[in-house]
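Taking the UniProt record's numbering, the leading residue of the sequence shown gets 1, the next gets one more, and so forth.
By construction, these hints were calculated from the structure, which means they are not laboratory data.
Where hints are given, some of them may not hold.
Cβ-Cβ distance ranges computed for the label pairs, FRET-style [unchecked claim]:
no.: 1; residue 1: Leu6; residue 2: Gln305; range: 56 to 62 Å
no.: 2; residue 1: Ser265; residue 2: Met216; range: 43 to 49 Å
no.: 3; residue 1: Leu133; residue 2: Val201; range: 24 to 30 Å
no.: 4; residue 1: Thr234; residue 2: Arg141; range: 27 to 33 Å
no.: 5; residue 1: Pro135; residue 2: Arg213; range: 20 to 26 Å
no.: 6; residue 1: Leu93; residue 2: Met304; range: 46 to 52 Å
no.: 7; residue 1: Trp271; residue 2: Ala137; range: 43 to 49 Å
no.: 8; residue 1: Arg213; residue 2: Gln305; range: 31 to 37 Å
no.: 9; residue 1: Leu294; residue 2: Gly191; range: 36 to 42 Å
A virtual CB, placed ideally from N, CA and C, is assigned to each residue, including glycine.
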Amino acid sequence: MTSSMLISNLTQEWVESLLRWHLDLFSIPATVITLATLLADPVLLTCIFRSRALRQETRYLLMANTLTADMLFLILNLAMVICNATRAQMSWLVCQLITAVTVTTYSCAILTITLMVVDTYAAVRWPLRYHDLLPPARTHRILLGVWVLAALYPLSLVIMMEVERENSHERVAVCLVLISLGFIQDKNIGGIHVYFFVTAVICAVLISVCYIRLYMVTRTQGIWQSRFSRARVTLLAHGVLLLLYFAPGFVFIMELYLFQRKDMSQDLRVWVNTVNMCVFMLLPRAFAPYLYGLRYREISDTLMQWLHQHRRLSQTTVS
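Work out the full structure, taking the sequences as your base and the hints as a guide.
Below, the structure is given as structure tokens:
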């Protein structure tokens with residue numbers, strides 16, 4: 001059986017499972033969470049880029065890059081959810097390109113969050129040399145390198161798959177990252193698992209080491225003594241957000257494993273993928289503007305100042 005027939009059969013079975021379990025209803029929370037996040041992220045980005053002082057700080061540039069990657073991911077993810085819910089057929093080549101960009105934005109967000117933790121560690125560990133180590137120009141180059149690194153592997157996979165395929169103009173009823181990556185030749189499956197798993201483990205270990213070292217460096221400064229100190233609350237908030245960012249990635253690795261298992265129920269695959277795609281992957285992006293963005297006093301002050309000026313301008317115009 002050719003790969004085209006396999007893709008057609010699998011997508012039809014996927015649609016049947018979606019209809020049988022009424023999983024199209026998951027598009028409702030996905031749409032609500034996405035729209036709510038797309039309302040908050042541009043506000044924070046505007047605050048960062050309108051303030052020259054914030055644009056000069058590495059942590060805010062890293063945050064802006066994370067929010068930008070999250071917005072692109074949310075837009076593409078919602079587009080796939082809506083297309084799958086409405087049974088809108090899509091070119092396989094277009095689906096592959098959307099898959100590559102989706103993986104790129106997700107990977108870029110994970111890498112940037114890891115750099116945010118490293119940046120915090122560097123600021124605490126070497127406060128006098130921090131600005132010399134990470135000036136804005138160097139941060140811009142690092143962020144460009146992050147995007148290139150995140151895009152290199154998924155785009156190379158798309159190019160390789162299109163070179164090997166005979167018919168790239170076929171249309172599919174369901175476009176999913178899982179299906180797109182699952183149809184890579186068996187010799188490349190191990191490479192995909194290594195890419196996702198090793199990247200996630202390296203980032204998780206690096207984050208853990210930085211937080212442990214931060215605690216060891218600051219434990220004698222008295223900032224951890226109070227149960228509800230700002231340091232404890234900040235660490236808890238960041239820990240929850242990091243868990244929410246990394247957990248869907250590990251779930252997706254499990255999905256890739258289940259995709260290759262012939263003895264696994266198709267309904268189980270559809271359920272896990274739908275919940276992960278429509279809920280788990282969206283939660284960290286919905287919480288990020290509040291747990292990361294508004295907890296920074298400079299951003300909150302800039303936002304309040306901006307709103308106050310806008311309100312005063314409106315009152316002047318009316319009068």
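Here's how the hints hold up against the structure:
no. : hint                         : in the structure
1   : Leu6 to Gln305: 56 to 62 Å   : holds, 58 Å
2   : Ser265 to Met216: 43 to 49 Å : holds, 47 Å
3   : Leu133 to Val201: 24 to 30 Å : holds, 26 Å
4   : Thr234 to Arg141: 27 to 33 Å : holds, 28 Å
5   : Pro135 to Arg213: 20 to 26 Å : holds, 23 Å
6   : Leu93 to Met304: 46 to 52 Å  : holds, 47 Å
7   : Trp271 to Ala137: 43 to 49 Å : holds, 48 Å
8   : Arg213 to Gln305: 31 to 37 Å : holds, 35 Å
9   : Leu294 to Gly191: 36 to 42 Å : holds, 40 Å
In summary, the structure agrees with every hint in the numbered list given earlier.
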